[in-house]
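K.L.:
Using the sequences and the hints given, assemble the complete structure.
2 protein chains.
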Amino acid sequence: MAQFRNFRMVNYVVYGRGSFNQLDEILAPQRKGDAPMIFFVDEYFQDQQEFLSRIPLRGKDKIVIIDVTYEPKTSGVDKLRDDLKAEFGTVSGIIGIGGGSVMDTAKAVALMMTNPGSSVDYQGWDLVKVPGVYKAGIPTIAGTGAEVSRTCVLTGPTRKLGMNSDFTTFDQIVLDPELCKTVPANQRFYTAMDCFIHCVESLNGTYLNAFSQSYGEKAQVLCEEVFLDKDVWDDECDEKLVMASYAGGMSIAYSQVGVAHAVSYGLAYVLGTKHGIGNCIVFDKLEEYYPEGVEKFKRMVEKHKIEIPQGITKGLTEEQFESMISVSLGMKPLWENALGKDWESIMTREKLRALYERL
Amino acid sequence: MAQFRNFRMVNYVVYGRGSFNQLDEILAPQRKGDAPMIFFVDEYFQDQQEFLSRIPLRGKDKIVIIDVTYEPKTSGVDKLRDDLKAEFGTVSGIIGIGGGSVMDTAKAVALMMTNPGSSVDYQGWDLVKVPGVYKAGIPTIAGTGAEVSRTCVLTGPTRKLGMNSDFTTFDQIVLDPELCKTVPANQRFYTAMDCFIHCVESLNGTYLNAFSQSYGEKAQVLCEEVFLDKDVWDDECDEKLVMASYAGGMSIAYSQVGVAHAVSYGLAYVLGTKHGIGNCIVFDKLEEYYPEGVEKFKRMVEKHKIEIPQGITKGLTEEQFESMISVSLGMKPLWENALGKDWESIMTREKLRALYERL
Chain A
1 MAQFRNFRMV NYVVYGRGSF NQLDEILAPQ RKGDAPMIFF VDEYFQDQQE FLSRIPLRGK
61 DKIVIIDVTY EPKTSGVDKL RDDLKAEFGT VSGIIGIGGG SVMDTAKAVA LMMTNPGSSV
121 DYQGWDLVKV PGVYKAGIPT IAGTGAEVSR TCVLTGPTRK LGMNSDFTTF DQIVLDPELC
181 KTVPANQRFY TAMDCFIHCV ESLNGTYLNA FSQSYGEKAQ VLCEEVFLDK DVWDDECDEK
241 LVMASYAGGM SIAYSQVGVA HAVSYGLAYV LGTKHGIGNC IVFDKLEEYY PEGVEKFKRM
301 VEKHKIEIPQ GITKGLTEEQ FESMISVSLG MKPLWENALG KDWESIMTRE KLRALYERL
Chain B
1 MAQFRNFRMV NYVVYGRGSF NQLDEILAPQ RKGDAPMIFF VDEYFQDQQE FLSRIPLRGK
61 DKIVIIDVTY EPKTSGVDKL RDDLKAEFGT VSGIIGIGGG SVMDTAKAVA LMMTNPGSSV
121 DYQGWDLVKV PGVYKAGIPT IAGTGAEVSR TCVLTGPTRK LGMNSDFTTF DQIVLDPELC
181 KTVPANQRFY TAMDCFIHCV ESLNGTYLNA FSQSYGEKAQ VLCEEVFLDK DVWDDECDEK
241 LVMASYAGGM SIAYSQVGVA HAVSYGLAYV LGTKHGIGNC IVFDKLEEYY PEGVEKFKRM
301 VEKHKIEIPQ GITKGLTEEQ FESMISVSLG MKPLWENALG KDWESIMTRE KLRALYERL
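In order, the protein sequences belong to chains A and B. The first sequence: position 252 = 252 (full-length UniProt numbering), numbered continuously. The second sequence: position 15 = 15 (full-length UniProt numbering), numbered continuously.
The hints are simulated quantities; they were obtained by calculation from the structure and are not laboratory data. Wrong hints could be hidden among the right ones.
Unchecked claim - Pairs of lysine-lysine residues, derived as DSS-like cross-links and limited to a Cα-Cα distance of at most 27 Å, are as follows:
1) LYS32/B x LYS129/A
2) LYS285/A x LYS305/A
3) LYS79/A x LYS129/A
4) LYS32/A x LYS129/B
5) LYS60/B x LYS79/B
6) LYS341/B x LYS305/B
Given the structure is predicted, the values throughout are model-derived calculations rather than measurements.
P.N.:
Okay, here's the thing in structure tokens:
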């Protein structure tokens, strides 16, 4: 068995302010006959006609607005696939324009256009066996790292788990910091903290090597430059944050996230708490595990006047707590990365219950 | 015309101490029938039986020792291609194991296995029109960035110029810091400085954006950690230097090298000075253009007790000086990056002559 992951990179990256304008030219060689390109667009843009008009539609191309009220579900992915198959038979490619949920949906549907059955069948590691259709990711908010990851996280009937495979990685990403300009400050903060937190987790983990360390350190430094050193938000902040997200995503190659992500997965499963804000809610209480990172985080929260929600687990039923704990403890590699081989004796159900009660 | 380069990434990267042991497994799915894998190996390893025996030969696979006395020539590339075609007809792939010269030779021959004519015909930008055979790069010395670049620099009958194209990029790289362990300290220094110098050049250039800046900054910091902060050379140094080389190579995506490379190209063309040492000889005299970088460089030279050759242009003929100057001034994008649009009025033939005379 391989000791080190042979990491599948995104084939093509274009980075630059205004690079979104090159999309037509980038997609042209990927078009297969008259099969359309399908653009999955974050609902955030649904009334922004000026932005929508910049999407280079040709022939039967179609814009599909993606509802991001909840994080992507396997049922939603299957339905999008069924609808596209019914309408077009086949497509040239799927282009995801938005945050992590939209990019993950684009990856999943692109895979499901060619892989039989339900996306539920592919939640796990290396279960996808056939390349999907062409897929491109265009982030409009920075921090998830979904643009470079080999997964797309989906909530299924029994678990929240990604379709992790070399086929999941995008063929192309377009990193245009201009697209992030209008993101509301709160949302921008939560999403950027997804990056910052996973850097802290991976840099303090037991799974690290120099590849992931150098990417993680750079991503963390960029977040700190943007949220601690700068006093006004300007173009340079968006430019650096887009790179922080990319570098943070790359750092995952040979590292793993840790306590914040493991606990946050439980919140997401039971309460539907979104990934970005969920990580912040949890990380805010993790001074025991990541003292230096949590101290910096609290300074950023204060400087940017963010209100981290409190008391979100108040009044949950015993069953709900048990379910959260089980989902969280199921993320074994995350716990092992954070706490070492003996993690099960350190993070008992009781200790985790106490942590959930503080959130 | 595209404003930002759509950067072709290496498809697969494996990074890790001992990852060279995974080579057999990595190559297996790339083998086409009984067509052999050809391993181009740096002559440095020609008597190291233990290392050579670790190369996973199967069937008709062959090790070809590459003479690196001079940097790769178009004639040498064409001959290697002709020999392989005569012996095998076709091959499954070319694996370059060594420094920048060996990796560049591997890229060039892989392309020439499928592209007609001479490699001279493809020196330039985007002249290669057909993918080559599968190719993988395995650096055994860190700093050139050749493992991630979209070029392979070749000296032809009239010029030293790479085959720059999206097809030139490796399909796979194996980054195993253990392979760098036995590099002689002088050679290690010169090659690492290739990375450090190109970071200084690109970070001080006019062509920079946040993508290249973040890679360049990281690569430069890693070089400084290794050569200024550390007092003994240990495994961590090799691990960081391999990442510095990779990050330095990536930083080239949206940046350009500058004065040191432009001047050093002239030395290489007329005197055959190798790239790594040539850059050091030139950079040592560039305090006017890169004051901070040159100051750090001189501290590294002193700390590591490196003797930078002096007086190498003494006694050259008028014709040789003129030829060096012409080759160097031909590198227009490098000069423009370093000195701006008006570079021709700043770097006159007289000024460049005076610089060459100081080397």
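K.L.:
For each hint, tell me whether it holds in the structure or not.
P.N.:
Hints, verified against the model:
{"no.": "1", "hint": "LYS32/B x LYS129/A", "verdict": "holds (20 Å)"}
{"no.": "2", "hint": "LYS285/A x LYS305/A", "verdict": "holds (18 Å)"}
{"no.": "3", "hint": "LYS79/A x LYS129/A", "verdict": "holds (21 Å)"}
{"no.": "4", "hint": "LYS32/A x LYS129/B", "verdict": "holds (20 Å)"}
{"no.": "5", "hint": "LYS60/B x LYS79/B", "verdict": "holds (20 Å)"}
{"no.": "6", "hint": "LYS341/B x LYS305/B", "verdict": "violated (38 Å)"}
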